[in-house]
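Asks: So the chains spell out like this:
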Amino acid sequence: MAVSNSNAKQNIMQRLAAVSALAPTNQTSANAWQASSPEQALARFEQSLMAAHADVIILENAKQLSACLLELQQQHQWQTALYGEGGEWSKVFSLALAEHLQLNHFLQPFEQLKTALFDSTDVTFTGCAAGIADTGTLVLKPSADEPRSLSLIAPCHVAVIKASQIVDNLSQLISEQHWHKGLPSNVVLISGPSKTADIQQTLAYGAHGPCQLIVIVINGE
Amino acid sequence: MSVQHYQASQFKQQASDALANQTLRSNFRGAMDYLQQKRKDAFSDPQELAQLREHAENIRQRCLSKLPQLLEQLEKNCQANGIQVHWAEDAKQAQQLIAELIQSQGATKVVKGKSMVTEEIELNQHLEGLGIECVESDMGEYIVQLAKETPSHIIMPAIHKNKQQVADLFQQHIKDFDYTLSVDKLIQTGREALRTKFKQAEVGISGVNFAVAETGTLCLVENEGNGRMTTTVPPVHIAVTGIEKVVEFLSDVPPLFSILTRSATGQHITTYFNMISGPRRAPERDGPNEVHLVLLDNGRSQAYADEALRKTLQCIRCGACMNHCPVYTRVGGHAYGTTYPGPIGKIISPHLQGLAQTSDLVTASSLCGACEEVCPVKIPIPSLLQRLRHDAKLPAAEQTPSLKGQASAASWTEHTAWRMWAWLSTHPSIYNWAMAVGVKLAKYLPMPMGEWTRCRNKPELASQTFHQTMKRRASKSLTRSATGGGR
Ligand code: SF4
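Top line first, the protein sequences correspond to chains A and B.
83 is the number that this note's numbering gives to position 100 of the first sequence; each next residue is one higher, with no gaps.
430 is the number that this note's numbering gives to position 429 of the second sequence; each next residue is one higher, with no gaps.
Some clues are possibly wrong.
[Claimed, not checked] In silico SDA-like links for lysine to any residue, alpha-carbon gap of 20 Å or less:
(1) K67(B) / S126(A)
(2) K93(B) / N(-6)(A)
(3) K164(A) / S126(A)
[Claimed, not checked] Computed Cβ-Cβ distance ranges for the label pairs, DEER-style:
(4) F250(B) / E82(A): 36 to 44 Å
(5) A99(A) / S384(B): 56 to 64 Å
(6) P167(A) / Q106(B): 19 to 27 Å
(7) M33(A) / D185(B): 49 to 57 Å
(8) D34(B) / M33(A): 25 to 33 Å
These are calculated hints, taken from the structure and not from any lab test.
If you're wondering where the values come from, they're calculated on a predicted model, not measured in any experiment.
Glycine included, each C-beta is placed from N, C-alpha and C at the ideal position.
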């Protein structure tokens, strides 16, 4: 890329290097929220998500997922859906819903799907890489299997997560999963449906992203 | 489209105009009360808040203490991730650089997420001059763009507008808008209008909340999803940030993120936290094919050069200081005539624009200390204001390097008066004589005495000086003790 920034870096670095003595800094830490039991973590996860206007459904086991998806489809009258083929729950999505609505795989490059995603997709389905109990947060690591736009463009996003994937807080997740060793091109933390309070501090949902977020938690996995 | 421009040098007039605007004052009053309460609720445990503030301050100070190394590390790791890194010394260079990046794509349609740094470099106006349409995608920013204004708050850009004003704007600018005062419907209208723009955009521009040196990751904090749209849908993403936004470790992010959202809007967490570590990688099917990072100085290295002023760069742009500032609450953001208004604006703008332009701003504070009390990274804003006031008045030859515009507010009369005062104070006999004469003549002082008597009475001086009174008292008590009186 022939973009000119010839001496800018050098000049900035020179100015930064020519500074007076730097004050020593202290080492401190801050305690993030911790659960006393997995049940408490799940309860906090659920409460925080619901406080952020998400719908949370807790299933006892994975066998209940198909029926749950079908019920949701009937309840919301979804006609068109999109999911990623290689995702953890993709087979369940397909088996449960293929006969009941127009279910598309995210197989092509985004550019070919863009119009359909923006204009004629009612719902998208994904799994999750983790959950954070403290803030009621879903952690997604989009990939070729489940691309980024699956959790972004359609008016409703359904995410499935196992209770065993829920950790107490973000710091714990970063250290347990060694995120400092390198990250995928995109990691996204989602804590509710899209919202804004930009007009007269009145909260409104569905500003740009999904108006509705449905989280299905599979307990006992 | 020409944007209505306010000037920092016109602060006094702009503040007077704002004070006379009842709608504006009531919009700000309501919004600030709401945000203050939300913040208060978010930090219900004072001990936790104290611990978190200290930790956040230490993280920011550590990262700033290693700024040059961290910038090198960030560049290296971003490049390893496939992010192209560019540097800009000032607003002009940044404008040109970003325009070149856009033009090299042959692009004319750009969407931009909320980014104060692009406001700082007046990017929209520059791109428009080149025939490039740059649409703001944050709902508040979109509203102010339609109004041909600049944001009046760094977190809530359209905070100065009520829903009637937004509805009127939409009616003026959006085809087939069915007039409504329902906020839900207004947001849906904005959503639909902007979705068309996202689909068409060839380039997306965003800011950065934290740039992580350790992993070469750009973090973006938002609620709406416009930031994700901007950085996911168009084939090219350009991120723009000030050089101070770099943090050393990924583990530095969670505490800063937590204190940022709670200080800004009282939210425990925002809807989206987007971590970008590179463009689409094979075999991924979406995300931009190119990601660029523009690192901007624009006066930040000037603040960095001075140990006290460096603290300004600790700022994580939460806006809490403005939400709690009695001056901002009354005059609103536009009166300042700067990209960053309120207390943070008063201490950062002298570095971006020079003290000559901003010398009135540094005096627009009662030094009540509310800003320092709420600042999540404990920036000592009142003492920095005092320092800047000093620098605006007096050339500080011993301070190097000096601030742009130092001594610009110096007045010969004021300077001479203080020197005379200093001389008098060190010559007691002349001082006493001058005071005695002064007290006698005080009653002949003219009325009115400028600003002082605009809403006060002229001060009545005592008939004797303090020294005379004390002397008399001392001689009285001496007489009493000599005569054994007072027993
Ligand atoms: S100075 Fe402190 S309170 Fe103000 S915006 Fe920056 S971090 Fe927030």
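Asks: Run every hint past the structure and note whether it holds.
Replies: Now the hints, each set against the structure:
Straight-line distance between C-alpha atoms of K67(B) and S126(A) comes to about 34 Å, which puts the hinted pair past the 20 Å bound. For the hint pairing K93(B) with N(-6)(A), the CA-to-CA distance comes to about 15 Å; that is within 20 Å, so the pair holds. For the suggested pair K164(A) and S126(A), the alpha carbons sit about 18 Å apart, so the restraint of at most 20 Å is met. Checked against the hint of 36 to 44 Å, the pair F250(B) and E82(A) fails, with Cβ atoms roughly 49 Å apart.
Judged by the Cβ atoms, the range 56 to 64 Å given for A99(A) and S384(B) holds: they are separated by roughly 58 Å. One distance hint, 19 to 27 Å for the beta-carbon pair P167(A) and Q106(B), holds here, with the actual separation near 25 Å. Between M33(A) and D185(B) the C-beta distance comes to about 20 Å, which lies outside the given range of 49 to 57 Å. A hinted range of 25 to 33 Å for the beta carbons of D34(B) and M33(A) is consistent with their spacing of about 27 Å.
Comparing the model with each numbered hint stated earlier shows that hints 1, 4, 7 do not hold.
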